[in-house]
Structure formats: structure tokens, C-alpha cells
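Each chain, letter by letter, is given below.
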Amino acid sequence: MLVLLFILFGGLAIGCAINVVAQRNPLYCAISLIGVFMSLACLYLMLAAPFIAAVQVIVYAGAIMVLVVFVIMLLNVEQEERRKIRMGFLLPAAIALAAALIAEVTFILASVDSEPLQVSDLGLTRSIGPALFTQYLLPFEITSILLLMAIVGAMTLARRTRELSTGARVIPGAQVLALSEIDPTTSHEEPGTIESHTTSEAAQVLGITDLRNQTRRE
Amino acid sequence: MEPRLSWYLALSALLFTIGVVGVIIKRNVIAMFMCIELMLNAVNLTFVAFASFFQDVTGQLFVFIVMTVAAAEAAVGLGIIIAMFRNRESLDVDDASILKL
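From first to last, the protein sequence lines are chains A and B.
Residue numbers are given in my numbering: position 53 of the first sequence equals residue 53, and the series is strictly consecutive.
So my numbering is basically just the index in the second sequence, starting at one, shifted up by 1000.
Errors might be hidden in some of the hints.
[Said to hold, decoys possible] Taking beta-carbon pairs under 8 angstroms as the criterion, some of the chain A residues facing chain B (in silico):
hint : residue
1    : Tyr28
2    : Ile34
3    : Val36
4    : Cys42
5    : Leu47
6    : Met73
7    : Ala158
[Stated by the list, open to error] A few chain B residues facing chain A, derived, Cβ under 10 angstroms:
hint : residue
8    : Leu1011
9    : Thr1017
10   : Gly1019
11   : Ala1031
12   : Asn1044
13   : Phe1053
14   : Thr1058
15   : Ala1083
16   : Ala1096
17   : Ser1097
18   : Ile1098
Simulated from the structure, these hints should not be mistaken for lab results.
Heads up, the beta-carbon is just placed ideally off N, CA and C, and yes, glycines get one too.
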């Protein structure tokens, strides 16, 4: 019975994984990848790890893949076009090496044998929690810092980077700005800087009357 | 007959190999990203299999942390992909061959 389940979910995982590589449309890749994640979650259940199986479904199939699908939708990804295979003479060598690898794996499967899985409450949340919050507390906290860094990094990377928006030519506050930064008509060689506390004050010093309606500096 | 440890290891090796092949032959950045996720999952399967067969909870904690790292990687990686698409109007890795976003 368990062997049948293993063959079913393992075959499903391998089939979906091959489909991830073979598909040309990234959205179909993503859906196949969700299939891989779900069948792996079923395998985790067979390995008596229900907590990891639940986290697999929630975090991977839920959060990460939703993010990927969002990005695919957002970016209007087109299909990959076919391209002719370069270095086709290496194909027989690759097939031979793959056959050798499969033969090795089959040999290992046939010769090495381990103990069958014992029944235990190892994978339950009740046994994972104490280990996570006592012995492995430091890695857990470091992981939280990693997530914080990832949030900041993702926001910094995905933000539209413009030097100054049209509405904020001079930022209020005690800032020293280059003259060319405020008045685009002045030449860049001019070394003058001004100190201002508000936008209107800076405009007064510079003698600029209409800050807002100036064309944006390119 | 029940599934043995070596079966799970062989399955995990196969999934990892498929992921490596995908990273090599794919040219779309998002597809390459998904193949990396596939490789991470193959490694997770090894961890869980060893943890269950050797009766040690450490492997499952490793999987927990690997998943967190994968989530962080997804956020940062997709941010990089969006920035790259914004600057190049393309997701082909061959278009991003210079080290400049």
C-alpha cells in the first residue's frame, strides 16, 4: 500500500518536475511546480512529518508561488522561442553519462537496504516546537533577521528609483544643496551651494519664482 | 514491503538533477528561479527522509529554516527580476550579460 502511494506521488513529482523544465510558458511552469510541491507534501506525510507537510503547502504552494505567479502576471511574460541546439555532438555523451548514473542509482536501490520507517511522534508540532525554541533558538532568531533584511532588500530593489520627483525639487530641512541641483538653468561648473530650511526660502535665496512649473531636469 | 530510505534519496536526486538541467537550459529568469526552488525542495526531501528514518528532529528543523531562506530568496529574487525587466524590457538572461542592473 505504502509502496503504491510512494510510486504515485513520486511519479507525480517527477512528471511535474519534467514539465516545469519542458514548458515554454512560465505560467504553466509555475502550475507544474505547484504540483511538485503538493506531491512532496504528500511524501512528507508518508514520512510521518505532518508539520513540515503543512508548512510546505502553506509557505511554498501558498505564499511563494502566489508571489511568482503575481510577478509573471505583472511582467507580461512572453513564451520562449525555440532555438536550435548548439553543440549537438555532445548529445550522445550526455545520454551515455545519464545511463551510467541511472545504472548506479538502480544498483544502490537494489543493494543498499535500511531499516523500515518506525512509528513515532517525531514530526508533530509538539516535538518540533521544544527543539526549535530551546536548542535551536539562535538559528531561529537569525532567520527572523534574514527575513527583515529580505523585506528591506525587496522594497529597495523593486522601488522605482528616481533622483527627485517633480513635486519635491528642494527637500525642506537643514540641507546644503548644490545650486545646479535646485536651478537647472545654472551651469554645473558653478561651485556655489546654498543652505536652506524650507523650499520657499531656498527659492527666495536663488531668486526662483516658479519652482513647481519648471520642466523636470532630465 | 515498505518504501526504504534509498528510494527517497533516489527520488530526491532525480528531482535535483531535473532542477539543475532546468537552470542550465532555461533562458527565462523566472523559469530559472522556479528550477532553483525545485532544487531546494529536492534537498528538503532528503532532510525529511533522513530525519524520519534516523529518528532525529534536527532534519525537520533544517527544512523549516531552508523554507524561510527560500521565502527570503523569493522576495529578493523577484525584486531583482522586476528591476531587471524595468530596465531592459526583457526577461532573457542573455540580455543581462553585463554586471549592471
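Here's how the hints hold up against the structure:
{"no.": "1", "hint": "Tyr28", "in the structure": "violated (10 angstroms)"}
{"no.": "2", "hint": "Ile34", "in the structure": "violated (10 angstroms)"}
{"no.": "3", "hint": "Val36", "in the structure": "holds (6 angstroms)"}
{"no.": "4", "hint": "Cys42", "in the structure": "violated (11 angstroms)"}
{"no.": "5", "hint": "Leu47", "in the structure": "holds (4 angstroms)"}
{"no.": "6", "hint": "Met73", "in the structure": "violated (11 angstroms)"}
{"no.": "7", "hint": "Ala158", "in the structure": "holds (4 angstroms)"}
{"no.": "8", "hint": "Leu1011", "in the structure": "holds (5 angstroms)"}
{"no.": "9", "hint": "Thr1017", "in the structure": "holds (8 angstroms)"}
{"no.": "10", "hint": "Gly1019", "in the structure": "holds (7 angstroms)"}
{"no.": "11", "hint": "Ala1031", "in the structure": "holds (5 angstroms)"}
{"no.": "12", "hint": "Asn1044", "in the structure": "holds (7 angstroms)"}
{"no.": "13", "hint": "Phe1053", "in the structure": "holds (6 angstroms)"}
{"no.": "14", "hint": "Thr1058", "in the structure": "holds (7 angstroms)"}
{"no.": "15", "hint": "Ala1083", "in the structure": "holds (5 angstroms)"}
{"no.": "16", "hint": "Ala1096", "in the structure": "violated (14 angstroms)"}
{"no.": "17", "hint": "Ser1097", "in the structure": "violated (16 angstroms)"}
{"no.": "18", "hint": "Ile1098", "in the structure": "violated (18 angstroms)"}
Hint check: violations occur at hints 1, 2, 4, 6, 16, 17, 18; the rest are consistent with the structure.
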